[in-house]
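Enquirer: The chain contents come next:
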Amino acid sequence: MRKAALFVAFLFVSAFLLLAASSIRPFGAPIVSTMDDYFIANAQREIAANNVVTAIVFDYRGFDTLGEATVLFAAVVGVLTLFRKLREDER
Amino acid sequence: MSALSVHAPVLLIAIPLLGAFAVPLIGKLGRGVRDVFVGLIAAFTAALAGLLAADVFGRGGAASVYVLGGKPFNIPLPSGMTAPIRILLEVDGMSAFMGLITALVTITAIAFSFSYWKKRSGGNMYYSLLLLLTAGIFGMEMTGDMFNFFVFLEVTSIAACGLIGFRVWLGRSQEAGFKVMTLYTVSGLFVLLAVGLLYGEHGGLNIAYLAHGLTGGLIDKIALGLLLTGLAMKAGAVPMHMWAPDAYGEAPAPTSAVLVANSQASLYGLFRVLFTLFGITVSAATTGWILIGFALLTIFVGVTMALVQNDIKRLIAYGAVSQIGYMLLGVGVGLATIVAKPAYGLVAMQGGIFHMINDAACIGLLFLVAGAISRAAGTRDLNKMGGLAHTMKYTSVFFVIGAFALAGVPPFNGFASKFLIYEASFKLSPFLAIIAILSSILLLAVFVKAFQGAFLGPRPASPGGGEAPLGMLIPMAVLTLVVIAFGLFPGFFVERIVTPAARALWFGRDAYISAILGG
Amino acid sequence: MNGGMSVIVRTVSRFVYGLILVFGFYVIMHGHLTPGGGFQGGAVVASAFALLLVAFGAAGLKGRLNAHLLQSLEEVGALAFLALGFLGIGTAFFYNLLANSGSLFGASVPIGPNSGILDSAGTLPLMNWAVGLKVMTGIASIVIVMLIGARKEETE
Amino acid sequence: MNVGNLPFIVSALLVVLGIYTLLFKRNLIKLVIGVSLIETGVNLFLVMLGYRSEGIAPIYTFAPAGERMVLPTPQALTLTSIVIGLATTALLLSFAVFIWRHYGTLDVHKIKELKG
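Protein chains in written order, with our numbering: chain A, 1 to 91; chain B, 1 to 519; chain C, 1 to 156; chain D, 1 to 116.
If you are wondering where the hints come from, they were derived from the structure by calculation, not from laboratory data. Keep in mind the model is a prediction, meaning the values are calculated, not measured. The beta-carbon is built from N, C-alpha and C at its ideal position, and this holds for glycine as well. Among these hints, one or two may not hold up.
[Said to hold, decoys possible] Derived DSS-like pairs: lysine-lysine, alpha-carbon spacing no greater than 30 Å straight-line:
(1) B:LYS118 x B:LYS384
(2) A:LYS3 x D:LYS30
(3) D:LYS25 x B:LYS449
[Unchecked claim] Output of the computed footprint for chain D on chain A, the stretches with three or more beta carbons under 8 Å from beta carbons of chain D:
(4) 8-21
(5) 24-36
(6) 56-64
(7) 78-84
For reference, chain A alone in the conformation it holds in the complex:
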């Protein structure tokens, strides 16, 4: 019973995702994004960086990268938390 319900949910989600994949803009012809064209045209002038992706990662969207570094920091602290030395009375 539970398995059947899960299977129905699974089929539903799969159909949903495949529908999305088949109705999006075709591969190789993305939308004309003013934001991206601006990055390509102006990254060298504004940021003085040849690598446009790095200019986005660290400057235009630098705050995302701070969040990303934070995620990694949280994971490291989380893993170290789990493997920490416990006190005698905590075991």
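Given the coordinates of chain A, assemble chains B, C and D onto it according to the supplied hints.
Expert: This is chains B, C and D only, laid out in the frame that chain A set:
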């Protein structure tokens, strides 16, 4: 002073991050230094949230924009509007309101932790994770960018799971950690997939830019479905609620309170998506009824599952799940009626949004009380404890106030917001209001049973207990004061902070968009 | 596994270790010019540490790679990154104060394809180094701690 | 060559496989693999969004003159999401280690402390 309030949105995120990165280093200097440092960071953050709220509500809840990385942040389009290119933080009445909730919960939780974690290992990492969680929640609430929202969603996920698994010596906390991490990740990936779909269709990531460009086509609808599923999953609405009682139940008590704020931040994301991002491009009545469906299931399942619990924290956790249902009910009813009857819709939304801060205060209070009594009794099983009212007088009073507030008994704050929800949903359909009221009564019964189990009965045989230390009593007293103040003067708070927040969601959509796009 | 692997693996990894480190630092240093950056380079350097761990075993490296030291370095990297964000707070958080300024990393670059100037891009190279430090130490400490934890499991 | 939407469908299939693994497998390590599969599918989807046919990488160092470049933003987003995936996997595997330590099994059906 004015520079501080200009930078307040980003400092709200950066200051807890600074604290989180520095705590393990400062912790090497000793426990006292670390506690002072964490306390200062928490107090400064709360002050910033208050400053930001005063600033935003002083302007009637109008949106203010903070640009990360300076000028130029937008480029002119041929249509006369502008397109943002940088990450923007956009703070309107709703964001500032959520910021207040988070600040209230986190500062009390951190203050409570000082005496709760006195004799435990890994304190540095505990505070680091707690501050990371705080920063992530503030980030979710302040950001005006969909991908940035996803990043902070993941920050909260990972920090929360580190905290849930903190008690390594308990197998069930590891089990809960794995389960919660899996579900959080899946919900985050659903959100990311939706962000990708929206980017591919409209070529932007900013919420206002996307909201302006949305057409309500097939891809937009699929993205809405994914966002709705992912965020409802992270908020703990019912078909996807399996993680919530485990998370709230297994996390250390002060953290459970912050996890509730985290769920509310996901709920805020859901509202932001429904109201600001999609707004009028999809049928408000349809999405409203979907929310109502979620809400009724959540209320029903939460309360009935709370009935059969013997573990005090799991009992409160199911209570927390049911309260998420009330918020969804209020906002869902609002969404279903706001196009036809804006006045009713606004009342329902006021109820739902007011209930968020009320719930954060009284659920937070109950979790802190649960932490105090399970520490004193040495167990969380209601059948094994008893008679705590003899030794813990203040704590038992706090528990009674929290439980009455949660169940919606006047004159406490839960009644004030639930009354607005009952009133508005009765006008939509009496059936909704009846279910909501009956569930509240049932919840009261649940808590009466819990009170009897934990506090009444003969004086406990073991002399180990005693009143909770002052460091725990003060945070509980602060939350109790909030509960009573919001219950005694609901009109004042509804007018000052809830109404601007509720208006910002639906009526403020155009202002939210034009604050960034101009035109 | 505890004592590490055979002598061939040890000899080769002793030799390759240095090369991987050089490549990782190159990727970090040229993040603003060529594909790569702090994250990618940091992951490459961390893979060198992982290689040492696999080849010599956790016991063979005792004392040389200290998880606590690595964790402290990671926090320093994270704080440095945050500090670079705060550097531009006079204008806005994350404002690139140094780009095109003529001072450290302040050279302008010609528009269009060119051969790259190392001394450009303002705070970007500094951020690459901060993130690189953070990622290499973070991943290395995860690997070390998990390996030691799993090893304890085998011996108990 | 025009391939239409085939690459997107492949990435969607990866996500579907991951969801299948999550729903119907019992071993915790396999669940972690399922999560990673979904992540990979989503990352692939993101990075493909920005592809302009016959475009070059958006890096000016020694770039051929006059070529058009692919959209850079999806690449930056993918980079972020890959690191997040790494963090998630590390934490999930640590939890699996500790579950093994406590229960001596990785079968989800045999770990039943948290029910109801």
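Enquirer: Any of the earlier hints contradicted here, and which numbers?
Expert: 3
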